[in-house]
Each structure stands twice: as structure tokens, then as C-alpha cells.
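S.K.: These are the residues of each chain, in order.
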Amino acid sequence: MNVLLRRLLGVVPTLAGVVVATFVLTRILPGDPAVFFTSSPSADAATIEAVRQKLGLDQPLWRQFVIYVGALLRGDLGQSITTGQPVLTDLLQRLPASAELTIVAFALAVAVAIPLGVAAALRPGSLVDHLCRLIATAGVSLPTFVTGLLLIYLFYYLAGVAPEPMGRLDPFATAPPRLTGFLLIDALAARNGEVFVSAARQLILPAATMAIFALAPLARMTRAAMIASLGSDFVRTARANGLKWRTIVVTYALRNALLPIITTLGMVFSYMLGANVLVERVFAWPGIGSYALDALIGLDYAPVQGFMLAMAAIFVAINLIVDIAYSIADPRTGLFGHA
Amino acid sequence: MRERLATAAYVLRANPVSLAALALLALLFGAALFGPALAPYDPLATNTSLALRPPSAAHWFGTDQLGRDVFSRVVVATRLDLAIAFAAVALSLAIGAAIGAATGYFGGFADAAVGRVVDVLMAFPLFVLAMAMVAALGNSVSSVVIATAVINLPFYIRLARAETQMRRHLGYVEAARVGGSGHLRILRVFLLPNIAPPLIVQASLNLGWAVLNAAGLSFIGLGVRAPTPEWGIMVAEGAQFIISGRWWLSVFPGLALMIAVFAFNLLGDALRDIVDPRSRT
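Protein chains in written order, with this note's numbering: chain A, 1 to 339; chain B, 1 to 281.
Honestly, the hints are just simulated from the structure, not real lab data. Don't take each hint at face value.
Stated by the list, open to error - Have a look at the derived ranges for each label pair, beta carbon to beta carbon:
{"#": "1", "chain 1": "A", "residue 1": "ARG255", "chain 2": "B", "residue 2": "PRO197", "range": "26 to 36 Å"}
{"#": "2", "chain 1": "A", "residue 1": "ILE48", "chain 2": "B", "residue 2": "SER140", "range": "19 to 29 Å"}
{"#": "3", "chain 1": "B", "residue 1": "GLY179", "chain 2": "A", "residue 2": "ALA71", "range": "56 to 66 Å"}
{"#": "4", "chain 1": "A", "residue 1": "GLN64", "chain 2": "B", "residue 2": "GLY245", "range": "44 to 54 Å"}
{"#": "5", "chain 1": "B", "residue 1": "LEU66", "chain 2": "A", "residue 2": "ARG201", "range": "32 to 42 Å"}
Said to hold, decoys possible - Far from chain B, some chain A residues (derived; all Cβ distances over 10 Å):
{"#": "6", "residue": "ARG74"}
{"#": "7", "residue": "ARG239"}
{"#": "8", "residue": "ALA312"}
Keep in mind that this is a model prediction, so the values were computed, not measured. Quick reminder that beta carbons are idealized off the backbone N, C-alpha and C, glycines included.
Bound conformation, chain A alone (with noise of 0.2 Å):
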């Protein structure tokens, strides 16, 4: 438990030069967010001047970092101008729009690649090999913009099987009580069917175009990583001992595959984080990601803050857990001290 101790502390300094960054970057935004705020070309200077007062803009920079970092240590991410509201408020209300896409494109990418990528790899040169290699290369080929505009085309103009690619749920549809904020959980905890299938019709575009995405760099990790892991010694003694087959694939080499796979799983994570906001522009998905880019948009400093900071505090945590995966996949890291 020491070394995870160790490692859960070793993130506390990247943590304070993210705060850093993030406070520094946004500062160097354009614009003057006291003139934007008063939004009228009429104002005069004392209403400028008083709106930056009250903003803390006219302290030198400083001490505005030592308010900024008190104010993030209550859990104070600023008010947002465009909104009105705290932004820890509007994020917490927009997370689960994201998280919920994220992780559904998620499970969709790694339920398609690693099968593939395993049958592809226990049968090299074959059909499903050639096949797992066009996806790879074409999957990360598309733009994610493309593939999803690509799909609106496809499924809404041509066939008419997918709803409007406007936002999360039927304009006519009611939402469910907020329990969670992810429509298909709540859905379900209401018992209202309806709702459950037109959130799905209308997750299923956005999250196959963050699949498709994600789908290249998983199977080819997984067809490689398999095929080293087939060809090594254990699995032809296994083979030899005449151990059943099933047995081998699965529990001597694609265990023995898994740490890649386990990196590459958290790379792609970390690149689905990013082409969220570029897949919740495509569908009027209302996420942290469109949340973020309308408040860049207006230099409306304290969303882009707090959404910079979301997403890298994500990210760390994301990198955490894969080194966690990383020890139970393989004790010999030795994160929980077994070695």
C-alpha cells in the first residue's frame, strides 16, 4: 500500500501546475470580460470600472492567483457571466450529458475492438485481419466532425432511422426526475420506457462516432500485443501440456496482453476527453465540452477555468486508475505491495 500512497501523492504536484496553467492561460484570453459583461457600447468608464472592481480584475495578478486558489480550496470555481450561475453548478449539471456519451462510445469501442483484435491475431493474413487493419487505419484517418456528419447523413437524411441529431432527448419527450443526471439510468429508475428508448436513439449516433474513433488504436494494440503473447514459450508449453484451447487464448495470452491494451485504453480515454467537445458540437450535445467552447467563444474567463481544471483532474485520475488496472493485471508492478 506504501507505493500506492506514494503514487497517489506524486500527483499533488502536477495537480498545483495544472491550477497554475490554467490560471495563467486564461488570463491571456483577449478581451476585457468587464466591457463584455456590461455589454453595452454606451457604458461609461465608472460602470467599467466598477463591474472590474467587483470582478477583482483591477488587483495585480498576484493577488488575483492567491483569491483564485482560496476560492478553489472552498470549492469556488467562479460565476460564470453568460450564464449567471457558479460554475461548479453549470458543470455539475452538464457532466453527466458527457460522462454519459463518453462511456457508452467507451464500452461500444472496447466491446467491438479487443474481439476483433484477438480474432485477428489468432489468425493472421486472414479476412477478419485484413478487416481489423482497414478499420484501424480508416478509423483514424476520419476527423471525428466527419464521421459524425457522415452518420447524420447516413442514418437521418437517408434512412430515416435516427431521430433529429439535436441534443439528448425528443423535443416532445419529458424528462425524467434527475437522479443521477445520465437519462438512461434515470429513465429506468422512472419506469418510463418512452424516455429510456428515445435517449438511446438519440445517444447512439454521438457515441458510435466516439467509438469508431476509438476503435483504431485498441485493435491494433490488442492484435499486437496477442500475437506477442501468442507466440511466446508459455503458450506453446500450454499448447503442448494440451490444455484446451479456449483456455489458452484467454486466460494465458490475452492475460498476458492485457498491460498494452490496459495503456492504450487509457490513452484512448484521454483522447475521447478531448474530441468530446468537436462530437458534442456536431450534435448540439448540451456537455461540459459545448458548455465550455460558447463560454471561450464569449471570454467569459471563470466555465473555460473550470472546465480546463475538470478535465485535467479527470484525466489524472484516469491516469491513477490505469495504473491501479495496471497492478492487478499484473502483480509484478507492484502497486499493492504483493512482490
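Assemble the complex: chain A is given as a structure, and chain B must be docked to it using the hints.
M.R.: Chain B only, in chain A's frame:
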């Protein structure tokens, strides 16, 4: 060198896909070099009486909402999109190699400090960081280049550092030191040429990604501004017409993007096979 060329010829012969990549690259560079001369129409000339026409013999890729020829715009945009990607990758390659090699060679406080900065940069999703940087630097082509270069820096720094650290105590470096070479000369003459191949492979694998990143930034309205012909903007402008079935506005620039990224990725894979045949996947 001759050995390398022989390997290159072998890789190309053994893998017809690499040959296809070369053909695609030739097409892209042709469009980038001669784009304005090849385009049948002025990419900025509007003609509202011809707006939103589907692809035809006169307008191969159709026309957009202002009656501009989509084919001309896609072809002319090639130069800008490739230039952004190349400039960004060259920048991060040069700066990353210099910083990485220096920290790997000297170690000490600077090494630790750079390592921390790299950790912080890597703690953000790359695209999110690029977004904020372009917004901070102002909407222009040069900020897209800088943002793309900066978010890539960590990879080059880490790679150059690791490769240098591996070599700094090898016999030939010690020999150079005993022979009276200064630190700078050792770095420049003995270490940089040796760590160059993996860095160049990394750069070529990075090119396609840089194209995507720049186009993504323009797509969300950061960076290159309309009416400049640029693939990301064109896809964004066409997006609102796709739900009414006017697919040609977005699909053709999207296809151009895909071809560019595809060609660069294959080029990177082929280069890696030549430089380091063991890492083939």
C-alpha cells in the same frame, strides 16, 4: 545509407499500401504546390444564383451556400492545411529535440524542472489545451501552428531525452570527451545525428495528427477564419446543410482531410518499418 535505401525499396515492394501512400502524397503535394493554378474557379468568388448545386460536370464537387465552387476551394485549401501541419511539426521537432537532448545529457535541476512542466502539459487532454491556447493567442494561423506545436512538445522532449540518456555514457561519447570535444560539440556532432531517426519517425507519425488538430480547431471556430478556404471551416460551414441532404459541402473537404491523414499515417508506418523493423505491428 545505401543499406537504408535498399531496406526502403524492400519495404515498398513488400507493402503495396506504402506505394499507394506515396501516390496519395504526390497528389497532395501537387495540389499544395499548384493548387491556385489547378482550381477551375476563384475559390472566393460568390455567385448566389448558383448556390447549393449538387456535383455536376461544371462543378465537380458542387457549389456551397454562396455559390462558390467546392472543388476549387478544396484544392486551394491543401496548401494552407499542409503548411500548418508541417510548420507545427517542424517547430516541435526542433525545439523538442534541443530541449530533450540537453536535459537528457546534462540532467540535474533543469532536467527535473522540464520534467515537471512536461507532466503538467500532459495532464490536459491535448485538444482542450490547444483550444485554450488558440483563444489566448488570438484567432490566427500562427496561433494554430504554435498551439499544435506546443501540445506536441512533450512527446518529442521525452523521446529525445530518453534516447540521449541511453547514449551519453557510451564508448563513442566518452571517446569524444577524452578527445577534447566540448559539451555542445558532443551534443551536436555525436548525439543529435544518432537520436534523429526515431525523432523523425515520430514527426512523420505526428503529421497526420497535426492536420486533424488544426482542422478540428477551425471546425469549432478557432484559428483560421472564413472565408479563407480551409478544410475544417468548410466542413463546419457545410454541417448545417447536411440534415437537409446537401452532403457535398462537408463530405468533399472531409474526404480531403481523411486522405491527407491516411497518407501521412502510412508514410509514418513505412518510415518506422525502415528505421526500426522490430516495432512493426
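S.K.: Take the hints in turn and mark each one as holding or not.
M.R.: Hint-by-hint comparison with the structure:
no.: 1; hint: A/ARG255 x B/PRO197: 26 to 36 Å; in the structure: holds, 34 Å
no.: 2; hint: A/ILE48 x B/SER140: 19 to 29 Å; in the structure: holds, 27 Å
no.: 3; hint: B/GLY179 x A/ALA71: 56 to 66 Å; in the structure: holds, 59 Å
no.: 4; hint: A/GLN64 x B/GLY245: 44 to 54 Å; in the structure: holds, 51 Å
no.: 5; hint: B/LEU66 x A/ARG201: 32 to 42 Å; in the structure: holds, 34 Å
no.: 6; hint: ARG74; in the structure: holds, 23 Å
no.: 7; hint: ARG239; in the structure: holds, 24 Å
no.: 8; hint: ALA312; in the structure: violated, 5 Å
Checked against the numbered hints above, the structure violates only hint 8.
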